[in-house]
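Number of protein chains: 4
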Amino acid sequence: MIEPERVEAQNTTLLAGHEADLEAVAACLERRGIDAEVVIGALQAFSAAAPSWALGTGGTRFGRFPTGGEPRTLEEKLEDVAAINAVTGATRSVSLHVPWDLPRDPGAIRERAASLGLAIDAMNSNTFQDNPETTQDGKVSFKHGSFANPDPAVREAAVAHNTAVIDLGVELGSRAITIWLADGINHPGQADLRRQFERVLEGLREVYAHLPPDWELYTEHKPFEPAFYATVNADWGSSLLLAQGLGPQAKCLVDLGHHLPNANIEQIVARLAMVDRLGGFHFNDSKYGDDDLTVGSIDPYQLFLIVRELVAYGGGRMPELAYMIDQSCNVKDPLEDIAQSTVALQHAVGQALLVDGTALAVAQDEGDAAMGEAILQRAFRFDVGPLAAEARRRNGAAIDPVGALRGVGYRRARIAERGAAAVATGL
Amino acid sequence: MIEPERVEAQNTTLLAGHEADLEAVAACLERRGIDAEVVIGALQAFSAAAPSWALGTGGTRFGRFPTGGEPRTLEEKLEDVAAINAVTGATRSVSLHVPWDLPRDPGAIRERAASLGLAIDAMNSNTFQDNPETTQDGKVSFKHGSFANPDPAVREAAVAHNTAVIDLGVELGSRAITIWLADGINHPGQADLRRQFERVLEGLREVYAHLPPDWELYTEHKPFEPAFYATVNADWGSSLLLAQGLGPQAKCLVDLGHHLPNANIEQIVARLAMVDRLGGFHFNDSKYGDDDLTVGSIDPYQLFLIVRELVAYGGGRMPELAYMIDQSCNVKDPLEDIAQSTVALQHAVGQALLVDGTALAVAQDEGDAAMGEAILQRAFRFDVGPLAAEARRRNGAAIDPVGALRGVGYRRARIAERGAAAVATGL
Amino acid sequence: MIEPERVEAQNTTLLAGHEADLEAVAACLERRGIDAEVVIGALQAFSAAAPSWALGTGGTRFGRFPTGGEPRTLEEKLEDVAAINAVTGATRSVSLHVPWDLPRDPGAIRERAASLGLAIDAMNSNTFQDNPETTQDGKVSFKHGSFANPDPAVREAAVAHNTAVIDLGVELGSRAITIWLADGINHPGQADLRRQFERVLEGLREVYAHLPPDWELYTEHKPFEPAFYATVNADWGSSLLLAQGLGPQAKCLVDLGHHLPNANIEQIVARLAMVDRLGGFHFNDSKYGDDDLTVGSIDPYQLFLIVRELVAYGGGRMPELAYMIDQSCNVKDPLEDIAQSTVALQHAVGQALLVDGTALAVAQDEGDAAMGEAILQRAFRFDVGPLAAEARRRNGAAIDPVGALRGVGYRRARIAERGAAAVATGL
Amino acid sequence: MIEPERVEAQNTTLLAGHEADLEAVAACLERRGIDAEVVIGALQAFSAAAPSWALGTGGTRFGRFPTGGEPRTLEEKLEDVAAINAVTGATRSVSLHVPWDLPRDPGAIRERAASLGLAIDAMNSNTFQDNPETTQDGKVSFKHGSFANPDPAVREAAVAHNTAVIDLGVELGSRAITIWLADGINHPGQADLRRQFERVLEGLREVYAHLPPDWELYTEHKPFEPAFYATVNADWGSSLLLAQGLGPQAKCLVDLGHHLPNANIEQIVARLAMVDRLGGFHFNDSKYGDDDLTVGSIDPYQLFLIVRELVAYGGGRMPELAYMIDQSCNVKDPLEDIAQSTVALQHAVGQALLVDGTALAVAQDEGDAAMGEAILQRAFRFDVGPLAAEARRRNGAAIDPVGALRGVGYRRARIAERGAAAVATGL
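Chains as they are written, first to last, in the UniProt record's numbering: chain F, 1 to 427; chain Z, 1 to 427; chain W, 1 to 427; chain S, 1 to 427.
Just chain F, same shape as in the assembly (with noise of 0.2 Å):
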């Protein structure tokens, strides 16, 4: 556990340096007529899931070099995730991975993540792999589809874990289900690419109707890995179609990294926006493909001008949904990545906020595409971070998150506590 003291002592060194940022950049914003403290607190009010699944040293196909230290139960998957809450303020709550995340006791877990300040997100089921728990001890396989295979008895194996995933979830106080699916071919004419999605339609069409009134379902789109030739749900036009076929309650899902090379993911965010069908989002960055790189480290611009998106469909503000981020810590200690990824939200966020929507509007009436870009890029362009690190640090958080996590040696006390050989469960 690291005590809000241990943070604060953290930040005792960097304070006089942060209050002195802070000043001169809430100046020049009075300059422009704008309040820092409103930015700070819709900066303090924001947070965007953990997910369970990163908390360990991610991998890929070729291997995966173990951190240490990783936790080795969902009850030490609990406290990291507090640790990480802890220097940064804006991560209070936790989306789930079942089978991985399997509690014995739900109730405990539910308690104990309130008494750590956490939150259940959104649940998050697995029919990507063969699990004792989903396929029955091995009495079905997802090894061609789960929702799309053709054997009725997989399909019925997916329904019956999506539907344990929804009433598990309802113990731990989550209220809502993500469904990635893997489901999907890489052969051509491995399987009738219409069946499938009717396949896919009809067995989520079984998990919808299990779902509580103050539920929602989440499709999210992926167009490939695992799946190299055709993924069922691969774009956002065929997750609108599922959440049309569902029902209300069925909302897309955006990962930001699953998507085609040179995709405008900023005018994807608007359309579902506009059809009230956006649900939620997975936040990581990439270059090539789903590479679940740290939020903002690849094209910080694209975040800012994404998570604008998001504040323009909120009216102003940043709109209620299922914020999480989602990323594969290969190299770096996960914790130190997500409290990284955090932060960059934090930036975009306040950046979004600067803009100044009503000279934005005046240019584009009047065609002007220079002001336009320019407004855009005025608000990018400005340094929020003093004021993240004050809404951090009014949240009781770190002014230098990293630098807090490392100052109270988390790591080394967890490669203590838990030994160097841990690994987590997770991609």
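Check the hints yourself; a few may be wrong.
Here are some of the chain S residues that sit facing chain Z, going by a computed Cβ distance under 10 Å [stated by the list, open to error]:
id: 1; residue: 24
id: 2; residue: 288
id: 3; residue: 299
id: 4; residue: 385
By construction, these hints were calculated from the structure, which means they are not laboratory data.
Beta carbons are placed, not taken as given, at the ideal position from N, Cα and C, and that holds for glycine.
On the provided structure of chain F, position chains Z, W and S as indicated by the hints.
Then chains Z, W and S, alone, in the frame of chain F:
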């Protein structure tokens, strides 16, 4: 004009070899339990429209190198299409582009086309350029968009142009309008992504309201070019939203070059077919963007897979959709290029018809990926050339279309008639 | 002409705010141990050439929407560049394109440029179009390539044109020639890939032999457009092979838009720098292909990473290379667009100079990916706007370049002078 | 073991049909002036190595679904390769991967391979995982790179491993080592791009110095995965720089899946061949990234164009390079998958040999793009299936390789022998 007897004369020297090849191929098919006559018949029935704007040499922003003898009038364009049809027997209609093809006397054009054996296919409107006819002699401009323009006067001009194109099409005997919009932006902030879409939908609704009851309206999506940051109708999801927002006479048209890198086009085709919103095709091939190359010249297997989805949608035969070849003939003689594209389509249709659907369904139900793939490949690897040649021959056309065009000296005669410097309208 | 006092007048109302911002920013940097004066000085020293062909409105094959008041002559182009320089203070040279810019009296042009405070940067030849001057009044054509053409007469014309451009450049005071070739093919089989390369190298050797001893020759690669299947100088590997085959005065020029999707351009820059074959840059930004958008407008972090590689190559400062802005201004006023690009470059240079190289090296040696990344991001996130503005101001230019262009009514005056229908040569 | 007579028995029922097809095809070729026997002979001579690591089911980071009966030892791997060769007659060598394939008694393995009719192809080292044998029982780690690692001890371990692989290869009768490095970074700033390259070159020089005089060393480039921001040997340009920096025994190996989207691979092949640095191939196919799918299963025309460049390089025949099939068999039986890949290669080689090189050269010299393309397509569209089948039959293998594997019950027998849970080493 290329009279049938001149084509027949071109076939003479090839006939013996062709017949031997055909006999061999038919015998091979018979050993597989397939009646070559059925395939030949289906190929005889197939036709794809020629685009009036690709009869001259195409170009890029970097330049254009005219061929000589290009058609100077719509009448001459019809003659060129008739020449292509004379050698392919599968180019029995032409798709016009207004105002590039704005006939003074539509009735005369309709008659002239009929006398050449040509029907008028889908009409194409043009709001990506300022033309006196469409932008009211310079009173408005499409520089900042047509339907998506913030200026209502421009939007009205866009509607007026499209309804005028429909009216013209009615006189010409057309039954559909294809609307490809350049609307989009080059710079983040230049316009509001959502408002742009809403305006486009609003404008298209006015056009749709003008549609005769036996007409269809096709929305054609494209991710980029000429807009380089965000295009309003960028992908099949957007195109589908437009069609859904219009009504049952609205369908989506797929141009094979209008996709992001690595897109699975055959799956997009299957999706649109599934929801009965697949209206037509602009056939071409590409390696990088909207390269508008000869059909099947870069990835003939992809073409085969797309056509197979069509045959599946058509219940074992090519469904009645608006098929058109849409290419830019930059370095080949345009007529030869379109003829080669037509032949490539004939090959793909022939191969698709050879797929053993029953065996494929069995393999797919058994999750037998190796066999499913092998069944498709067996059809693709078969040389349907002699079948396509025979279909052409029976339609009064050429065994070797390009050879026939050269043999009768069509281009040479056109240069003599129209001049070496004649340049056609178009891209 | 935009006289210094008119720019100063534009600065007046912004001055107080600018000075406050500058003071705040300098104090922030001081807290980080960085002297703002050093950065400002480096920014004052930086300049990038303007391309003579982007002073008019750009277009695509689908159309072009002129701005009005475009320069009709080379003299007017020089005036426009001087106007850009008047507001940016960092556009102190112009790059010409022959035969679009073929002065009758080179000496007079050189003098005129000098009187406007402009130098003549790298010369650009043009063998991607047929022009009377280059293709000998139609005796030859570059339709099927220039240096790569199978016809020796065409290859000779290409050599002759390039040597003529060098001769002209010598008169104008230039010191380099940039050779971008459209040579390539649209269709597999159209040409022999290897022979094409060998011919290009052979032709370039003749051009290279004509090079004055103090000149450099830059080969500029591009994967596609206008060739859509294979381009001879398609990638940096090919460009390097050409440079290696020519000699030490041959270097490679990198256009930021001339790469396949997802290419790591900063690594390419590092590679060419490593072998001392990095000659120059064509700066722009793009999302899909060679979109030629405003520098830094799509991915400013990538621009920063590229410039940082330059600073690393320069041993802590920008190396002396041939920097040019190369864009196509389709929807913005071209002068405003180039000014915005210049500002974006100033930002990137400023940010790159803020990188703590010593700390970075330590982090890299320790395999501390989180810290290495954080050090770069810290520099990138800093708002160097006031530093760049101050550098411009000290160079006699504008705090707000676009605002100043508008404030002095430059375009309005040009339309009055040159006419609304004046259209510049170029793309 | 699949004895020749069992294969022959499988051929029996297909023989009559095959002979009729073959006769028909040969007659068609005769009409084109081509001797089918020459093609069959060339196909008999062709062989591509099987990779030892693809004999078990492949997977992704999301999971792996074993086939059952996978080889547990190197000896069993050799048996599986022999089985593939029994049905294809074109898999006469195997490529090993160390330390996955670390024989205790190399001499015995060499003998066993020889007794199965197999040679040992290029050796593959592995520095992308930590293995007790390569990372000295955990004393060092390749987490942050091998040759590119800032830690000299790690670099030494990388050199030591590679020289050990060469030593082992000498004992096994191999003649080459293929070095694919995962070295690269996930995060901008994680390492110095230039220093990484220099260290890799430095390390490879030590390995190169260890090379026996009759050996070759192949550098294999790949743009991404497992590194997701920058890979040291990312492209053919980098690979060529490495080979140039090593010496004449160093060549570049091209894996068909190791390219950015839209790359023209056949041109890369032509470039490396031109400078005599083309060493070998890892054949597979892909749609999105390094998908490692069945050869020719996504884009068979591209495969044909690549093989045609090889035949051009070989002066009309396949040159003697290190050909290997490198795929990941995730959903098919690996042996069937490799057999299908081998057949696809035979098709491509057969088609490439049918290209009329003389006519092609004429068309190219005349700038006749339509004819140049048509000549290639004519060869590609020809059904060389019966020729490939005959080549296999004459080599004692199967007319229908997959059918034969199934017919003899190879997998069933292996599951009985090795168990349903046997899992092979590899990816």
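Please name the hints from earlier in the document that this structure breaks, with their numbers sorted from lowest to highest. Hint check: nothing fails, all pass.
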